[in-house]
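Visitor: Quick note, the sequences are listed as chains A and B, same order.
If you want our numbering, it's the 1-based position in the first sequence plus 313.
If you want our numbering, it's the 1-based position in the second sequence plus 8.
None of these hints come from the bench; they were simulated from the model.
The reader is advised that the hints may include incorrect statements.
Claimed, not checked - The following label-pair restraints were derived from C-beta to C-beta distances:
(1) 444(A) to 395(B): 56 to 62 Å
(2) 449(A) to 95(B): 52 to 58 Å
(3) 338(B) to 495(A): 54 to 60 Å
(4) 314(A) to 338(B): 46 to 52 Å
(5) 319(A) to 27(B): 22 to 28 Å
As the structure is a prediction and not an experimental result, all values here were calculated from the model.
The beta-carbon is built from N, C-alpha and C at its ideal position, and this holds for glycine as well.
Spelled out from the first residue to the last, the chains are:
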Amino acid sequence: MESFTTHTGLVGALDRVDVDTDQIIPKQFLKRIERTGYGQFLFNDWRTLPDGAPNPDFALNHPEYSGASVLVAGRNFGCGSSREHAPWALSEYGFRAIIAPSFADIFRTNCFQNGLLPVQLTADQVGHVMATALSGGGYMVTVDLEEQRVSDDSGWHAEFAVDSFRRHCLLNGLDDIALTLQVSDRIQAFEDRRGQAGG
Amino acid sequence: MPKTMLDKIWDAHVVHRDEGRPDLLYIDLHLLHEVTSAQAFEGLRLAGRPVRRPELCVATVDHNVPTTDRSLPILDDMARLQIEALRKNAAEAGVELFDVDSPHQGIVHVIGPEMGFTQPGMTIVCGDSHTSTHGAFGALAMGIGTSQVEHVLATQCLPRTRPKSMDIRVNGDLPPGVTAKDLILGIIAQIGVAGGTGYVLEYTGAAVHQLSMEGRMTVCNMSIEAGARAGMIAPDETTFAYLKGRPRAPQGEAFETAVAQWRELATDEGATFDETVEIDASVLEPWVTWGTNPGMSIPVTGTIPGPDSGASSDDQEAMQRALEYMDLTPGTPLKEVSIDRVFLGSCTNARIDDLRAAASVLQGRRVHDDVRAMVVPGSASVKKTAEEEGLDRVFLDAGFEWREAGCSMCLGMNPDILDPGERCASTSNRNFEGRQGRGGRTHLVSPEMAAAAAVAGHFVDVRDWS
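Okay, chain A solo, but in the shape it has when bound:
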């Protein structure tokens, strides 16, 4: 897995709550059997007009967010389907971190599996990042997983909590299947116990 330690990047603002995974990557793009090829379809139905042209009203099409690698959004980001295509699309588009007041549970897990850092801040802190990013573009932040801290060059900063195991895996780019396989003897013992119990 790709590791994440610290990242400095332009903030793209998506000022909406309850952004669901059907919006992040609409279902018509889920037929691929690879993990790649989704970035171009990120937020497709919002980013494009029905004729396929870019929708000038959609925030991420605004030139000031071109090249954004940190996304700030409203509460409950990533709700809905379990499709891992959502973080695949976000990553491939260029995002490394998402800042929001809350995340949907499965989406959050899927992000950690793909080196995409979900950063949960308070509503006020997210409001600050959102307002600054919306006020003209060019807003850069640094997301530091080691220090569990988001900061900008004006001196503003906010600490965030993150599951210690997930943090450890992400910092070191660990393959969590390999970690589980390290305790194969325990799995075997569990299966043996069950077999004897008749279950």
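With the hints as your guide, set chain B onto chain A.
Guide: Relative to chain A, chain B alone:
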């Protein structure tokens, strides 16, 4: 110490516990479908890892299969390739596959229970958020992403931090004409689309235990629409009666032994939940969503709300966007909202009980001239049973299309989609923008309400018809 059902199932499945790490949980049943599994099998191949327990995996094709004549080739090349990938992967790994032509093919969350794979006390995962459905049997059933599908294939385990528990205590009885779908929509309206995030919901109370297994599955299915990865209902006589004789359930004496164990699963008297929410079932009505998430809903007797009723500026903006997308005007009585399409299907409401309920409303009636309506049974077996009961005739005579089993227009990955601007009364689970087709407008309802709307051409209170 008294324990919740969640704790009992969890503790019985912990393979390994390490300070500062999630628990390693053993997984009893892994359900697979074509859309979220190909990359997982590919990951295993690249890492040279075998599938640890193929006999604990069950696969089917449901998401992108056409619901028209199954003898015809699949015209969508990408869909066909995805299905072929699952065939190849299942064959190589030795995983049982219920393919397009199988009498047991169907939506993964319909066939698991109807075949008896789903049993109380199990841990169940699937690369699909509606895996919560299986909790209706007193199982811990969770949706996972593709990386975790790969993890479970390789290890039969899943690292998980124990979620918090929430008691959704349903007080009182559901009034006549109010269904399991209305109950869960009412619950989501009360706790919100993120109200269950981080929790496993246990639905308790007499009204829950009066529901059929089909009704319980409808309720647990939509736990994820409240943000909860899992929902569960303690197994009882209804559960055991449903499972008895199912092909993959324990048989004979083994069944009786299993039932004795299953009886022990219910949450103990005096066990504490992290959170308790009380729901008054007696005030519920047939429920209809008006907006673009399952929490934006009103009783059928209600009017379309205005954005000023939103609790915060965020909510007000979301409501405004939803009103625009849905092309609705605040203050309009819901019953005056006309529809173009009706979809009776999905892992929420396409089981035999759902079809019976809709057919009872349609008996002797005709679908409105301006409405196109379709039934997509949840499984080939549901379809067969319905045909044996003559339900297909009721639907066809009423003017419904009678389709083959699959997810179909719940998510529109196959050719069954709404045209832009079309408005659909749907028995599915998500009314997100574009979910049923770009520009399509989805209203979630019960099967009875969908059937009644099909006839009237607009929403009606089905209770007025009985």
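Visitor: Determine for every hint whether it applies to the structure shown.
Guide: Cross-check of the supplied hints:
{"no.": "1", "hint": "444(A) to 395(B): 56 to 62 Å", "result": "holds, 59 Å"}
{"no.": "2", "hint": "449(A) to 95(B): 52 to 58 Å", "result": "holds, 53 Å"}
{"no.": "3", "hint": "338(B) to 495(A): 54 to 60 Å", "result": "holds, 58 Å"}
{"no.": "4", "hint": "314(A) to 338(B): 46 to 52 Å", "result": "holds, 47 Å"}
{"no.": "5", "hint": "319(A) to 27(B): 22 to 28 Å", "result": "holds, 27 Å"}
Checked against the numbered hints listed earlier, the structure breaks none of them; every hint is satisfied.
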